[in-house]
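Q: Protein chains in written order, with numbering that gives the first Met the number 0: chain A, 0 to 763; chain B, 0 to 763.
Mixed in with the good hints there might be a few duds.
One copy or any two copies: either way a pair holds, since identical chains are not told apart in the list.
[Claimed, not checked] Under the rule of at most 20 Å between Cα atoms (straight-line distance), these lysine to any residue pairs were calculated in the SDA-like manner:
{"#": "1", "residue 1": "K26", "residue 2": "N38"}
{"#": "2", "residue 1": "K285", "residue 2": "G29"}
{"#": "3", "residue 1": "K207", "residue 2": "P748"}
{"#": "4", "residue 1": "K12", "residue 2": "D568"}
{"#": "5", "residue 1": "K595", "residue 2": "M87"}
{"#": "6", "residue 1": "K207", "residue 2": "L752"}
Worth flagging that the hints you see were computed from the coordinates, not collected in a lab.
Computed from a predicted model, the values in this text were never measured in an experiment.
2 protein chains.
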Amino acid sequence: MSTTLKYEEKQLKIVGTRPARPDGVDKVTGRARFGADYNLPGQLIGKALRSPHAHARIVSIDVSAALALPGVKAVVTRDDFAEMPDEMAPVGELMINFRDVTRNMMAREKVLYDGHPLAAVAATSESVARAALALIKVEYEVLPHVIDVVEAMRPDAPLLNENQYTQGVKPKPERPSNIAKRLEFGRGDVAAGFAQADVIVEREFNTKPVHQGYIEPQACLASYSADGQAELWTATQGQFVFRAQCAKVLQMDVSKIRVTPTEIGGGFGGKNNIYNEPLAIALSRKSNRPVKMVMTREEVFRATGPTPGANVRVKLGATRDGRITAAEAVLNFQAGAFPGSPVNQASMCAFTRYDLANVHVVGNDVVVNRPKVAAYRAPGAPIAVLGVESVIDEMAKKLGIDPIEFRLKNAAKEGTQTYYGPKLGPIGYVQTLEAARAHAHYRAPLGPNQGRGVATGFWFNIGNETTCSLNLQEDGSLTLLLGVIDVAGGSRASLSMMVAEELGIELDRVRPVIGDTSSLGFNFLTAGSRGTFAGGMAAVVAARNLIEKMRQRVAKVREVPVEAVAWKDGRAQPADASVAQFEPMTLTELARMGGKTGGTMAGHAEINAQGAGPGFGTHIVDVEVDRETGAVKILRYTVVQDVGKAIHPAYVEGQMQGGATQGIGWALNEEYVYGADGILQNPGFLDYRVPVASDLPHIDTVIVEVPNPNHPYGVRGCGEVPIIAPMAAIANAIENATGVRLTQQPFSPPRVLKALEGAGKAQG
Amino acid sequence: MSTTLKYEEKQLKIVGTRPARPDGVDKVTGRARFGADYNLPGQLIGKALRSPHAHARIVSIDVSAALALPGVKAVVTRDDFAEMPDEMAPVGELMINFRDVTRNMMAREKVLYDGHPLAAVAATSESVARAALALIKVEYEVLPHVIDVVEAMRPDAPLLNENQYTQGVKPKPERPSNIAKRLEFGRGDVAAGFAQADVIVEREFNTKPVHQGYIEPQACLASYSADGQAELWTATQGQFVFRAQCAKVLQMDVSKIRVTPTEIGGGFGGKNNIYNEPLAIALSRKSNRPVKMVMTREEVFRATGPTPGANVRVKLGATRDGRITAAEAVLNFQAGAFPGSPVNQASMCAFTRYDLANVHVVGNDVVVNRPKVAAYRAPGAPIAVLGVESVIDEMAKKLGIDPIEFRLKNAAKEGTQTYYGPKLGPIGYVQTLEAARAHAHYRAPLGPNQGRGVATGFWFNIGNETTCSLNLQEDGSLTLLLGVIDVAGGSRASLSMMVAEELGIELDRVRPVIGDTSSLGFNFLTAGSRGTFAGGMAAVVAARNLIEKMRQRVAKVREVPVEAVAWKDGRAQPADASVAQFEPMTLTELARMGGKTGGTMAGHAEINAQGAGPGFGTHIVDVEVDRETGAVKILRYTVVQDVGKAIHPAYVEGQMQGGATQGIGWALNEEYVYGADGILQNPGFLDYRVPVASDLPHIDTVIVEVPNPNHPYGVRGCGEVPIIAPMAAIANAIENATGVRLTQQPFSPPRVLKALEGAGKAQG
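So that you can see chain A by itself, here it is in the shape it has in the complex (with noise of 0.2 Å):
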């Protein structure tokens, strides 16, 4: 099976426009089933027992008198699940540490984390399973922990691994550390490059851990059979790869465990990681009964992934005429409890905008006493943004350069060589740049204590395995089962756009479902922007798979040969009049003489979708700062992005808004507060302030299309970009408004407030 299919330019009748969403109406009517809605007949309430402590030996877990109490059917510790090897594993195209997974989900040697499990009890209420938790006696040697990333790299820190040495380092370290690997990319000589600038700029910047805020927190619900099969409804980004994983650490065949994903109130990369789901199996296998698991608020604050928090040194030089000559940055990215911080793809996407001679860039993974971070909307990549982009700025205003003029003169395009591999392809920055110096929003005028900022940001998007089949009914519509979760509401729409514009049919004729992961093979995470890229690619190779089929139809009952059939129009029609005429055939009569003429038709594909394209975008914001308070309002916000093609240009926007939102928050208030105790403070969306709508303006949008030479339709993705670029983008914009370069994230007030009258332009 073809991996990549080539662009096709072509009349559109359906992508492009903007039909009704498929997923609306239950969301907003309620009756759309997430993780908590399932159910089933005499199940138990599965909860976790939580370290009380940033760090800590476990001495003992005494689970007697939880187990004596009445209504408890089981309880697991780290005596119910096997060791694991200490190696990277393949789960589909991921590595993945089991040894690790099994230590996240259960803590085994220590408790790392404020958070952390360490037991959980089946019991037939939830204020049982409450009782049982407190019942459950266990003695801990508390031990010194470490938060920070710069004071965890430190030699004399608190190990959290006494047995990791840092890994990317040569000769292999004679001590163990808390870096768990070292990664370093680069092309030129830097050395040479600042020797050629005229100008430098170096900044430091620290960034806090933030969460992806999903309105929908974790839950699932297992059942575990006699006879060795399990099933679970989970909500996740990947129903495969939560099996793969359950699979692995419970010591199951792949096969014995059916999961179906439920529909998801928001992941953003949160829900890419199991957590309850394997506790709840194992209890369920346990108890013989099925156990449901849904997190509380407090829970997914202080045990599920949140992007890490970091510290990011940035350097760069250019010649006054506006040319970068070297640029440099060192980023120490927080892990949480165990390696695995998206630094390498943080360090890739650092400077990958500019077309740079001269580029190094250091990444290290420092483990950490919190909660092992997951990926969120482009991993990684707004942390080092933030950083580049600030300094690119910087020295734009140092040069008496305009911004987006400075970042054209530099601006990475089709065959720029990147710093950690592959030349870009035929890319849209430049449009991006060239859209947002246009926009009417560039030239507005601006009033006291305001000021305007620009950034960009720029992500790979990804392929990977991906498997879909198209159904034919019998009165000719058409069910489109999918492998890739709609984590956002719009892959289910777009993906059926483009089945119904290759088929030639009205889009109200193809319903799109999700499938479990026992209807179809394997997929991959839908992550990296890769839904509507990979989604669609197996959607169109479907849809011609189902086209071939239907042309061999259509030739065995008019008896003609296939050649001579061709698809256009929902109908098969002669290829060529002259040659062979025939009777042309709808879709829908097709459908109705199926069974009789040997049997439905169908499409499916399963594929390794190949060819992304890496997308980019510009983003400018307005903000007021109030001298008073340091409050930052945010006035005006545009989002200029190369998407490729939008499907479905509305849900596009909402991808581009919706980004651009929560990077916002992360700008301005999101952070997690740790006490010198360790304990996290804020667990809870009342001290864990995420935007809300009075916190915003109308987000604009400004959809660039310069198509993906590898996707029928031209698909980019769209996701991850639009979250990078906004904390840089409000970082310069405050600079504009205040002079004041703020290198702390939040910009809170009491920050920001700080910050002016350390420059002495605090006011009252």
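With the hints as your guide, set chain B onto chain A.
A: What follows is chain B alone, placed relative to chain A:
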């Protein structure tokens, strides 16, 4: 896609063995989820209001008081469903009259039987729903009713449908009639045949409706979305057929209804038809809430289809040396309130065990004021065969020929011309007769009041539309997604076994799962003993399709031509080591590299299976008759049957034993008892007596295997045949024990006693 696969004799490793059943543990531990085990948040409970009259005109229905009751969220009546044309419309290869379907699920002009639904309510609890039913005011004009088939055929009988004129009669009748259709089959010259006969036997038989007696009452849960899409969970023998019917009566696109089949607690033909399903969807549509409807046992008896009661006349002529010269039958079948009894199949099954030159069969499909009949294992055949095999037995006795010998003398064989169309292909009827004759049972001594009976049965078996997908998982285990419902628990096992055999792997690596209507293309009902035949053919097609894809993948990876790759013993090997040599690759190795080498691999099948092989069985039964009470005790029972190939012999034996058991119940005790008022008097298992364990001896089985040439493993099917012969075999045994020929089913103690008394053979 090919729709027949030829039989190939080969060494088998898995097919023909008796592995543990894949559904067993879930069923005995209670984990299996039947219809009533499904629930949705916010669901309402739906209940139907049912007619208390056998026949009445509905003058008015006033639901206002019910609607005003707090907790009542919706009421539906005839006004909520569109009128449907009075014509036969295709659903797959079924032809269905939707005028009748819509009237049976919800009465329109008239109620036609005790229990006929005429309104349904959805309320927040069952008690509120019941209270609401009591508030619905219906004004009836009660009409004379008719429930006996012979009475219903009289010209002066009360008419159920004033617009019904007997079909199949020329010229078109001038007056309407309860006879919906008259069928005629035959060959040769019956009058001449009787003229050649030395002996003629003629008898009339009467049978009562009996119920399939499935343990699980009909249960469904429906959820309709405001955007016009619905989900339905229901216990069904055909998720696709239910979807098609619901779509039709609710005027929806087929793809807008997703039907998920639940585990099914018995069907036997009784779960081929929609009852509450469209009502639940309509109530959900009106209330915007999910609606659950579970029948009580009383509702099951009053309103779901039993098998018909009938009046049957059979006439047989034979020469002194045992050659049948003529055979004639008239079959008058109750259809229930709407046409569609299985008199058609019964007519064809009546004599198709014999090679007859002169045959004539007339069938009448007659409406009566009873619930519309449904299929029940080999629909109609046991009724016709009770008559024919009783008369065969009487004839053999008159001629002084052993009853098996007499049947052998006249037995159908390969090449026998049927009286309804095709010539028979290779069949195993003679083999079952010979195996029965050779069985120790046939020669065992009998005591006083004991008698032995023999009878035989024939069923077509069928193929039809079938789909499945076989997904190779990343660890080399497989998911077999099936479209055929596993009514009896055997198809999941036997289809997985054929897949494991094809692939050369352990059975435990194949997990069978039944798909919902969104996951596969159309499948016909699991009916007519097609599951293992057609489902198995599809599974083999899918397995071979997967093997083909694996060979292609190995060829690509090993860089050899596809022709050089053979699949043997669970791995890809050089087809001819002298031509191309390469390292073999196991299924698991292939699965692991699937993603990286082009995507996961899957086999798919969308077929219309052709070439079903007829099945024949011979039953031997010993009974003891209590001349004081009329009670008949089954002493010994042996089922001999040609199944083509027993994929999983234990399941096949279970089918044979189960069919015989149901036939024994039918013969001895089961019947619908109606009062003179047309009201069912025994709607429950206390008064409707099915056989219990203490009624039965161990039922011995002999599997005969004459391969079906049109199936890769020779499968014929096995579920229908074993219910056909028991009634006749028991009648013959009673006659053998007492000298009294019973012609009124059931042969319950009062009836047997009365017959003995009539013949002066009762005791005490």
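Q: Look at each hint and say if it fits the structure.
A: The hints, checked one at a time:
With identical chains, the CA atoms of K26 and N38 are at most 20 Å apart both within one copy (19 Å) and between copies (19 Å). Taking the closest pair of Cα atoms, K285 and G29 come within 20 Å of each other only across two copies (16 Å); inside a single copy the shortest separation is 34 Å, beyond that limit. For the homomeric pair K207 and P748, the shortest alpha-carbon distance inside one copy (16 Å) is at most 20 Å, but the shortest distance between copies (86 Å) is not. Only within a single protomer do K12 and D568 lie at most 20 Å apart by alpha-carbon distance; the minimum there is 10 Å, versus 51 Å between protomers.
In the homo-oligomer, the alpha carbons of K595 and M87 lie at most 20 Å apart only across protomers (17 Å), although the nearest pairing inside one protomer, at 52 Å, exceeds that limit. In the homo-oligomer, the alpha carbons of K207 and L752 lie at most 20 Å apart inside one protomer (18 Å), although the nearest pairing across protomers, at 91 Å, exceeds that limit.
When each numbered hint is compared with the structure, no violation occurs for any of them.
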